[in-house]
Every structure is written in C-alpha cells, then in structure tokens.
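Undergrad: Read off the chains here:
2 protein chains.
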Amino acid sequence: MRAASWQDGRNRRVSKGLSVTETDRRPPPGRVTLTDVATLAGVSVGTASKALSGNGRMRPETRDRVLEAARRLDFQPNEQARALLAGRTWTVGLVTTDGIGRFSTPVLLGAEDALGAGKISVLLCDTRGDAIRERHYVETLLARRVDGIIVTGRRTDPRPPLAGLRDVPTVYALSPSEDPADMSVASDDEGGARLATEHLITSGRRHIAHVSGPAHHAAAQHRARLTHDLLGQAGLELSGGKVHFGDWSEAWGRRAARTVLRAAPDTDAFFCANDQIARGVTDTLREEGRRVPDDIAVIGYDNWDVMALAARPPLTTVDMNLNEIGRIAALRLLDAIDGRTVGGVRTVACRLVVRESA
Amino acid sequence: MRAASWQDGRNRRVSKGLSVTETDRRPPPGRVTLTDVATLAGVSVGTASKALSGNGRMRPETRDRVLEAARRLDFQPNEQARALLAGRTWTVGLVTTDGIGRFSTPVLLGAEDALGAGKISVLLCDTRGDAIRERHYVETLLARRVDGIIVTGRRTDPRPPLAGLRDVPTVYALSPSEDPADMSVASDDEGGARLATEHLITSGRRHIAHVSGPAHHAAAQHRARLTHDLLGQAGLELSGGKVHFGDWSEAWGRRAARTVLRAAPDTDAFFCANDQIARGVTDTLREEGRRVPDDIAVIGYDNWDVMALAARPPLTTVDMNLNEIGRIAALRLLDAIDGRTVGGVRTVACRLVVRESA
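One line per chain: the protein sequences are A and B, in this order.
Counting with our numbering, you get residues 1 to 358 for the letters of the first sequence.
Counting with our numbering, you get residues 1 to 358 for the letters of the second sequence.
I should point out that these hints are in silico values taken from the structure, not numbers from a laboratory.
Among the hints, erroneous ones may be present.
[What the hints assert, rightly or not] Covered stretches of chain B (in silico footprint by chain A; criterion: 3 or more residues with CB under 8 Å from a CB of chain A, positions within the stretch not fixed):
| no. | segment |
| --- | --- |
| 1 | 119 to 127 |
| 2 | 249 to 261 |
[To be verified] Heads up, incomplete: computed chain A residues facing chain B, CB under 8 Å, no partners named:
| no. | residue |
| --- | --- |
| 3 | Gly42 |
| 4 | Ser44 |
| 5 | Thr105 |
| 6 | Val122 |
| 7 | Leu124 |
| 8 | Leu331 |
| 9 | Asp335 |
Where is the CB? At the ideal position from N, CA and C, for every residue including glycine.
Please build the complete structure, drawing on both the sequences and the hints.
TA: Written out as structure tokens, the structure is:
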C-alpha cells in the first residue's frame, strides 16, 4: 500500500537503483522525479520531458518507452516542471500596500476565491506602503514568472502604477492606477453617496448634514460632491451649510454631531462617510436625548459589521461590495493573461444595507 | 538601452533566430530562456542546464560554450529553473482557516515579514473552515512542492492536524495542533490573564468581576481559570461570585455590566476577556453614572485598536503579540526546513497596554 511505500521513499536515493523488476520498491507517486523516469527509460531528462509534454520530435519507440516508464513509476509531473513546459506558472501576485487591512482583506478574499477555484495560486506580498519593499516584491514576482499581478490598498485615491512591471498583466483593485490605460476596478463612490442621500430624501428628511473624513481623500470628495449636488437638485441645502470634513474616527463623529446640533438644531438626518463617524454621531445623539431614527436618521458607509451592528441602533449603511471588487479584478486579470486586455477603470456598484438607524 | 530592447523583446519568437552576430536584437534579460542559451550554444536544454548549475559531467569546452552563450544573452536563470535544480521552491504555504480575520491577519503579516525578508514567497490559502477547501489547498501546495506550511486561524482552541501532509514541515500558529508532536506556536493565555488580574489587584481593586465569551472556547476557559485562581491566592473572590460567560460582543458587555452592578454593587473592577466586551461594559458604566477608572476600573483583551482607542476612556488591554506569534512560527518553520525540527507547543508572552481605563 502507499502508506508503507511513502516511508520507504523518504530517502530519495532509493529510487536511483530502480529497474523494471523492482517496481515494488518504487518511491511514492509524489516523489518520483523526471530523472527517475528518464533513468528507467534509458533516455536523457530533456528527452523524457519532451516525450511527456508531447512537444519535440523523437522516434515513436522512444516516446512509448518514456510513457511506459512514467506509467510504471506512477509519475506525476510536478507543477514547476509543468510550468516550465507550458510557459505559465499558474501563480498570481497579490500586492497589498497597507498591510492586510479592513478594506484590502475582502478584496484579497474575493480575488483569492476567484483564482483559487481554478488551479491558480496566490503569492501574497505586503509592501506596507514602503517603496523599497514594493520594488523588492515586484522583482520577486517577476523572477517567479507570475502570470499576473493584482494590486490593492486601503485608499480609493488613484496610485502610481507599479514600477518595473515590464509586460506582466496587472489589475489595480480598489485603489485605481493613475494611468488611465491600466486596468483598474474601483468602487462607485458617487453611486454609494446617491443611495444614501436618496434614501434620506425619499423618506422625508429635509435637513441633512454630511460628516466626512479628510477633505483631501478621494472618497470624502466624491461622496461630498454627490451629496451636495443631489440635495441641490431636490431644492435642499446641506444642514449647517457645509460639509463637515474631519477624520475617519468615532471621536470626530461625536464632535461633529455636537457642532451640527448647535449650528442647525433642526437637522433631521446625518449622512456619514464611514461607519465609525456614524457610530460617534449616534452615540452623541443618544446622549443628547435625540432618538435615532425617530428624531434624526443616521446613515453610515462601509458596512463594517463590528461597527454597524454594535451601534445603537444598528446602522443603515452603504456596502461597497469589496469582495466583488476583488472578484472582478481577478476575472479581468484572467482575461488579460489569456490575451484579452481591456484597459480603463471599471466601477462596482454599492448597495444600501437598511437596518434601524434610517 | 534596456528600455528599448524590452519593447523589441515583446514578441518572444524574435529570440529564436539569435546568432552570435545579432546580440543587439536579443530579448530583455528577464525573458531569455534556457532554450535560447542552449540553441545559441548548440547543445541540448539538459546540457545547458547542467552546465549552468555546475552539476553533471561534460567536456570543459561544452561548459564554456554554454557559459559564453549565457553571458552574451545576459541570461538570468529564473526561479522555477533554480528550484528544479536546488530541490527547493523557496515558497511557503500560509493556510488560514477563517478568512483573513482580525486575529489571523497580524499572524500572517508577522510570518510574511519573517519569510519575505529572505527570498521566500508566500502562497496564500484561505480555507474558510471548509474541509474540502482545506484538502484542495493542501494538494495544491504539495503539487507546488512548497518547502513548508504555516497554518493559522481565529480560535486559540487546538485544531486537528492538516490531513494528507506527507512529510512537509508544518507549523501551527495561534491555533495549535491537537497532536503534541507537531510544531505549534500559541499565545500564553494564562499569562495574559495574569497581567490583567495582577494589575487590578496591585492597584487596590478588591471586587473584580470577570466577563468573558462562550464557556466552551479555550481562550475563555484559560483566562477564567487563571483569574479565579489568582484572586483566590490573594484572598479575594470573583465579584458576583462567578465568571460571566456569554459571547464576544459589545451587546453582551453592556448586558453583563448591568447584571453585575445589580448583583454586586460594590464591584470596583471588570476584567473583560476581549475589547468588545470591555467597550460594552464601559458604555454601560458611563450611562449608569459610574466613572471609569475612578469608581470602576476596566481592562480588555486583544488590544484591537479601533475598539480600544474609541472607547471612552481608551482601554487598558492585554496584547497577545500576534505579529510575534507569526514571526516565531516562520522562524520555527525555517529551522524545520533546514532539518532542525523540534515538535511541541511554544507559547508567546502577552503584554499589558496601559491606557486610561485601569
């Protein structure tokens, strides 16, 4: 049985003396090498390789002898050998620029799921936003002849293309490339803001405040602009007269809520550009005696479960479908590897997850 | 210049017609293959390989001809070819059983950091706790001849060894293997509980409640037992007379705090077995008019920044050093790959991060 022969096969040298009459002492299938096959068939390794891959010219008897040796030894060509023959390695590099964070994780999982379902393996590279690490990893991936690369990060701001890529197919996920000719998959930030704002307007809210992160972040800009425009189209103005830019924290949400309530006491809704801000806002509203959503509705962004579900009440929030962004990036990459490259940014729609806060 | 020749080299077929006088039209260094070298040298691929690796017998003139061809073409042997020659692939599989979660992420990063600093690449496999996916990935990793495997997950409970591993070196990180002969790296749960409990006792707290997760989780059991024992050694009892087991959520922390305050109004400290519970406890204490830490101290567990820093006040909490667990797992694996295998569980000490809540 195989369990026993695996033990016998631990010492690889055993296989060197194989002859046709010694097949009981053969090494386990996973450990038989091309050299073993070539030795048994009495040909060179190169000939054995050509015979097994079906490439290269040789006499039919030679090919038959190699195939017979492979059959006798139960030879299973390993992935490296296959890759050398096929010119593909069935590996894809996943480069993440900010550790494996809350945003890049679902993107990575979506990509890994789409790739791993086939026979492609994923090489993980965490550059931590460090240019030297990024260069090191690109070189490593090229040396390993990856079939393609997916790049992701935390921010939705465009990023410079990876340097030194040569012509390896590459897709940028969540953080699009600054080069419009590159393949990128981004979130539809404006669509997300539209879902939230329209939900508030159609449910009768008329004094809607918008609390966001840093004004220089693309996500904050896009969501703010769309919110402002949609309110204008509905004949409304931002409650408090402006977007409240700050940072992405609960503490900022708490402070901003107090500021808004003071400046515009008739505010009846908050659209917050992430769930942490929304949670800070709901905490302050509760402490100020305002009921959510009866007096004031609150909508967050990200659908980050630990924040959205622990908030009181649980948050209605925009979900960016990060898994889907990763999955689509992987599918575009597979197309590109097969020679069907279509550059440009493709956006993935968001969805509104309605819970109790709005 | 190379930039120009890369463009020329995009069509690989160009390289086939190379002759000694056509070196200006050579493909870029990364794209020259062993076949190109063999063709130019007029030898078989197998001979070219042997000549470049320094292995195998051949006439010195033949070896020189191959080396000269490689030099002319600026041939850089690729990693796959190197791996075939060396019997190593310089790849390690990282198997995570629960997606890339809050706990496995820092472990993965620590491992990736220790491995990636050298020339080892990391193949990411996310089994999502699914036995069929796990088996698929183990087979894939074996087919790719990884040098070793690191297995991690969310829970600190021991897990069954990976099935079908043959003799590939494997280390279990955070979730130790049930087989004591396997190599595992675990968190020192009891040491973590000791840090928290002793901090409370030495700062004069005498009525300490312990709120935890599900009683059947190893982490909850270990922390509860140690807390109970240490209090006993100090002549104290658990406030409320028992450990409050529940789940790992903020909502449970809020409920438990109310229960404890009702049953034991003189409670002057809470040791909570994670940061979400601790955050729920502090929210309830504030709403009940108790000052933290003046009236009641609170310590959490995990040092999960978004929870610990957003709590009011920011949480004093136990940090498991998950990065270090990953790093040590990687170093043990590297030792094992080099033949220095030492089985058994190694624990990594926790540290107490003191903020404002205790």
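Undergrad: Evaluate each hint against the coordinates.
TA: Structure-based check of each hint:
1. For the segment 119 to 127 of chain B, the proposed coverage by chain A is satisfied: 7 residues have a C-beta within less than 8 Å of a C-beta in that chain, meeting the threshold of three.
2. Chain A is given as covering the segment 249 to 261 of chain B, and this holds because 3 residues of the stretch bring a CB closer than 8 Å to a CB of that chain, at least three being needed.
3. About 14 Å separates the beta-carbon of glycine 42 (chain A) from the nearest beta-carbon of chain B, more than 8 Å, and the hint is not met.
4. At a threshold of 8 Å, the smallest CB-CB gap from serine 44 (chain A) to chain B is about 5 Å, leaving the interface hint in force.
5. Using the Cβ-Cβ criterion of 8 Å, the hint placing threonine 105 (chain A) at the interface with chain B is satisfied: the shortest such distance is roughly 5 Å.
6. Interface restraint check for valine 122 (chain A): the shortest CB-CB distance to chain B comes to about 5 Å, inside 8 Å, so the restraint holds.
7. The beta carbon of leucine 124 (chain A) is positioned within 8 Å of a beta carbon in chain B (closest approach about 4 Å), and the interface hint is therefore held.
8. Given the 8 Å rule on beta carbons, the hint for leucine 331 (chain A) is violated: about 18 Å separates it from the nearest Cβ of chain B.
9. For aspartate 335 (chain A), the interface hint is violated, the least distance from its beta-carbon to any beta-carbon of chain B being 19 Å, above 8 Å.
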